[in-house]
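Novice: Protein sequence lines correspond, in order, to chains A and B.
Per the UniProt record's numbering, the first sequence runs over residues 1 to 480.
Per the UniProt record's numbering, the second sequence runs over residues 1 to 345.
None of these hints come from the bench; they were simulated from the model.
Among the clues, some could well be false.
Said to hold, decoys possible - Covered stretches of chain A (in silico footprint by chain B; criterion: 3 or more residues with CB under 8 Å from a CB of chain B, positions within the stretch not fixed): (1) 142–150; (2) 241–248; (3) 262–270; (4) 349–357.
Built from N, CA and C at the ideal position, the CB exists for glycine as well.
Below, each chain spelled out in residue letters.
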Amino acid sequence: MSPKHAIDEPTDAATGPDPAAPNPTEPAPPNPTEPAALDATEPAPPADPAVPVARLRSDRGRTTTLPVRPEQPDAVEARRITATVRRTDIFAAIGAAVAALSVTTLLYTQLAPFDGVLGFVVIAYLAFLGFYGLLVSLDEDGPAVRDRLVGAVVHSLGFLVLAVLTLVVLYTFAEGWKPLTHLNFFTEDMSITGPLEPLTQGGALHAIVGTLQQIALALLFTVPLAVICAVFLSEIPGRLSRLVRTIAEAMTALPSIVAGLFIYATVILALGYRHSSFATSLAISVMMLPIIIRAADVVIRLVPGNLREAALALGASQWRTVWHVVLPTARSGLTTAVILGTARGIGETSPVLLTAGGATSINLNPFEGWNNSLPLVTYSLTRSPEESFIVRGFGTAATLMMLVLLLFVLARLVGGRGPGQLGRGQLRRRARESARDVTRYARRAGRSASYPAGPPPAPAGADQLRDHVVSTPEKENRDG
Amino acid sequence: MAAVDLPRTTIPGPPDGATDTPRQVRERRGGADLLFRGLARGGGVVVLCVMLLVGGFLLYRAQDALGVAGWSFLTTQEWDPDAGAGRFGIAAVLTGTVLIALVAIVVAVPLATGAALYISEYAPRRIRQTLISLVDLMAAVPSVVYGLWGFFLLQDNVLGLSNWIATYFGWIPIFDVEDSDPRDPLSTMTVYTSSTFVAGLVVGMMITPIVCSIMREVFSQAPAGEREGAFALGATKWGMIRAVVLPFGRGGMIGGTMLGLGRALGETIAIVMIISPVFEIQPRILENGASSVAALIALRYGDSTEAGISALFAAGLALFVMTLIVNFLASMIIARSRSGAASEV
Chain A
1 MSPKHAIDEP
11 TDAATGPDPA
21 APNPTEPAPP
31 NPTEPAALDA
41 TEPAPPADPA
51 VPVARLRSDR
61 GRTTTLPVRP
71 EQPDAVEARR
81 ITATVRRTDI
91 FAAIGAAVAA
101 LSVTTLLYTQ
111 LAPFDGVLGF
121 VVIAYLAFLG
131 FYGLLVSLDE
141 DGPAVRDRLV
151 GAVVHSLGFL
161 VLAVLTLVVL
171 YTFAEGWKPL
181 THLNFFTEDM
191 SITGPLEPLT
201 QGGALHAIVG
211 TLQQIALALL
221 FTVPLAVICA
231 VFLSEIPGRL
241 SRLVRTIAEA
251 MTALPSIVAG
261 LFIYATVILA
271 LGYRHSSFAT
281 SLAISVMMLP
291 IIIRAADVVI
301 RLVPGNLREA
311 ALALGASQWR
321 TVWHVVLPTA
331 RSGLTTAVIL
341 GTARGIGETS
351 PVLLTAGGAT
361 SINLNPFEGW
371 NNSLPLVTYS
381 LTRSPEESFI
391 VRGFGTAATL
401 MMLVLLLFVL
411 ARLVGGRGPG
421 QLGRGQLRRR
431 ARESARDVTR
441 YARRAGRSAS
451 YPAGPPPAPA
461 GADQLRDHVV
471 STPEKENRDG
Chain B
1 MAAVDLPRTT
11 IPGPPDGATD
21 TPRQVRERRG
31 GADLLFRGLA
41 RGGGVVVLCV
51 MLLVGGFLLY
61 RAQDALGVAG
71 WSFLTTQEWD
81 PDAGAGRFGI
91 AAVLTGTVLI
101 ALVAIVVAVP
111 LATGAALYIS
121 EYAPRRIRQT
131 LISLVDLMAA
141 VPSVVYGLWG
151 FFLLQDNVLG
161 LSNWIATYFG
171 WIPIFDVEDS
181 DPRDPLSTMT
191 VYTSSTFVAG
201 LVVGMMITPI
211 VCSIMREVFS
221 QAPAGEREGA
231 FALGATKWGM
241 IRAVVLPFGR
251 GGMIGGTMLG
261 LGRALGETIA
271 IVMIISPVFE
281 IQPRILENGA
291 SSVAALIALR
301 YGDSTEAGIS
311 ALFAAGLALF
321 VMTLIVNFLA
331 SMIIARSRSG
341 AASEV
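With the rest of the complex left out, here is chain A (with noise of 0.2 Å):
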């Protein structure tokens, strides 16, 4: 192919000269047919073939002449470099750092009379962006100084809370890894154990049953109904499922302590049943609901349409489309929304500071009698002005994260999959399911051959179409 390219009118190309000029770097002869059109435009200059050529021809139509690109000397191309971040960027900040703090302890040892840690860290850090911006306008000019500028407070922002996250956690451990190193700590209760008493009497188990029960209870009530209202509110969409939807996501704003209030005054009050581990139960389910069904609505409708229709494209009913489609689509996400409403559930203090009466002694029966939580622990014992109270106070709240952070991991390792990717389990679940199904075709197929029409299915060997089966979900994982 030719380097000039002329796109002409049909007419001009069928009786104009042959565009494949002998010499591609030559400007292309003028048209002799057309000798009205050139007259219409001004006398072309001598074409440099490297500038871009476009000739108006006429009114009809448009030549566009391609440049040819100059001959390439066999030199080697240069990589270039993408990184985003030179090096007298990264000298700039290093030498604003260096300046800023100098000059505040120079400030704070000096010349001015003040202390405290957290003036210093301000003063150094605003001398820090001041240095830092003078720095950058020795070389760039007014937008790229501000783009630095803030580049280096979204940073420094990024990083405080992260700080602020990792300070929380490890503020609670520090303080509190002292009872957690006695195994007393859990497998004792805290019914003989004085202020007095050295740490290595008594413990949490009360607290630690009483949490487990709760949310388990809890659990029990919310999973089944927060996954059916949420299968509702997607499968069954009408002017009822939008109401649900409204209610559902104004009550994610409920506070803990109304729905603690809430169960106080019925269950307690009004139906005279004692504080328990069942009316906390019932009062972290109430919180907890809405924020499941929430979560758990986002995650069914992120299900793809496509395999609900194809779903029942092939016949299936509206309940098994949800049952063996939507449903382990959604498995991971709808876990994960499960997870993180029990993280929520399970260190809410104030629901169970209405319902759980604070019990002392293990309470095994979690429908009769005072119980106790986690949460509720800490918050009593770290209101008594005992140090050894205090102590063990922050233990139980290291023991609360500890619990936190497992089902948080919990949450990653399941949710960490997008709807409709399975794992190794489900693939082979999957395939032997594919199995029984050819071996179930391949004898309807022997039954119905004596039926006169049309002839029987095509026998596909079987482990052919498990292969096949299998290896569909992957794919479209790996496309997606």
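Since the structure of chain A is provided, determine the placement of chain B on it from the hints.
Specialist: For chain B alone, kept in the frame of chain A given last:
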């Protein structure tokens, strides 16, 4: 000019005589399907009933107190429901709640915006997922743990800051602190403890991850084409963020802030651990003494008589209505913005 053969299509007219009638589409559902639909609808109705029951019961139990107090419920500052009409009201606690929530928002929004921008725009791609998980984890930390941190660690360290603000900005009414003379070197710092400011700081830390995760979601949904367009026009990164990401995410930013505000209004235990409750409107946020509706309920539920419980319900109702309105507005704003419909709390 030679005639060119253009491809032609002839659109067929309707066939003679026959007129199409729309087909009747009839849904036929099997028994299992009907059962499933009934069950799902039942689940939805149960949830709806529970939710309405909470609201309805609050209203029902609050009636007595509201009937006794009338409109003075909104204007009375003290809280003594056993003493009869006009002796209890939510003017003080509601103001305190709003003040704490406002301090929390003022702390949380810049932090959350910065962190969200960092995660969605600046952070290296390979650590982005880790950062998102960490922020989610921060949202899952129990509030009692935040309370411990605020009471035992943060409070002692911000007293100096409170003192500094009160000294140099005390001429602004909300930063004024009575009974303290900053020029007096012997004055104690205890006047700055258990204040609205400290409680607001802790609650602000608690709601930062919630606000941050919603903002990050809308920021990351800003269209790539417009981002690249801004870069192609020569914008710096900050120029691109200001011209594309922030305007695109404005709805999500406002909605996320209001969701955070809803959480801050309803926060209980961290506030109970920090404040020392007072029952008067206390607008001096740096000074010892603060109040909040949730803390009032948590502190007074046990020792109350029938009238007291009813009054607490009225306070809870007021809190609930306030968070409900804030939450409704938030989800409406998030849904209306061009993005963020799929964001979750």
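Novice: Determine for every hint whether it applies to the structure shown.
Specialist: These are the hints, each one checked on the structure:
1. 142–150: holds (count 5)
2. 241–248: This one holds; 5 residues, not fewer than the three required, reach chain B with a Cβ under 8 Å.
3. 262–270: holds (count 5)
4. 349–357: holds (count 4)
Hint check: no violations occur; every hint is consistent with the structure.
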